[in-house]
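At position 6 of the sequence shown the residue is numbered 279 (the working numbering), and the sequence of numbers has no breaks.
Just so you know, these hints were derived from the structure itself, not from any lab. Source: prediction; values computed, not measured. Idealized CB from N, CA, C, for every residue including glycine. Hints are not guaranteed to be accurate.
[As the list claims (entries may be wrong)] Label-pair distances were calculated between CB atoms; the ranges are:
1) 325 to 350: 31 to 41 Å
2) 321 to 346: 37 to 47 Å
3) 293 to 342: 12 to 22 Å
4) 278 to 327: 15 to 25 Å
5) 347 to 310: 18 to 28 Å
6) 361 to 310: 20 to 30 Å
7) 350 to 303: 10 to 20 Å
8) 349 to 307: 14 to 24 Å
9) 343 to 282: 24 to 34 Å
10) 346 to 307: 13 to 23 Å
11) 278 to 320: 57 to 67 Å
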Amino acid sequence: MKDYFTEILYVIALSKRTQAALVLGVVFFLGISLVGEFYVSRLHFSGPFFGLEQAVIPKLLRRYDKVALIALISFWILAFKCYKRDKRRFL
């Protein structure tokens, strides 16, 4: 079991593509979440549409969360593919 984790860490340490995919996944996830929160917080309806504000804001936040999660998962899939390719190359 210890050799397995050592092998994973060794390949990740040598593989720049895997490192970049992991870091970009986290950066895009946080970035999309923060940008979505910022834009939704500045959304304000006035007049007769004021009641819709409470219904629209949670739906928009959920959409931003879904997009951020899709970005994170897709970068992790890319990182796994790069890991497999580099594992064959390094070991």
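Here is what the structure says about each hint:
Separation of residue 325 from residue 350 is about 37 Å and conforms to the stated range, judged on CB atoms against 31 to 41 Å. In this structure the supplied range 37 to 47 Å holds for residue 321 paired with residue 346, their Cβ-Cβ distance being about 40 Å. At about 20 Å, the CB distance of residue 293 to residue 342 agrees with the hint of 12 to 22 Å. Range check, residue 278 to residue 327: Cβ separation about 48 Å, and the 15 to 25 Å hint is violated.
Between residue 347 and residue 310 the CB atoms are about 21 Å apart, so this pair conforms to the stated range of 18 to 28 Å. Distance hint for residue 361 and residue 310: a CB-CB separation of about 41 Å, inconsistent with the stated range 20 to 30 Å. Taking 10 to 20 Å as the suggested C-beta distance range, the pair residue 350 and residue 303 conforms, at roughly 18 Å. For the hinted restraint 14 to 24 Å between residue 349 and residue 307, the CB-CB distance of approximately 19 Å keeps it satisfied.
Separated by about 27 Å at the C-beta atoms, residue 343 and residue 282 satisfy the suggested range of 24 to 34 Å. The hint said 13 to 23 Å for the Cβ distance between residue 346 and residue 307, and at roughly 18 Å that hint holds. For residue 278 and residue 320, the Cβ-Cβ distance of about 60 Å falls inside the hinted range of 57 to 67 Å, so the restraint holds.
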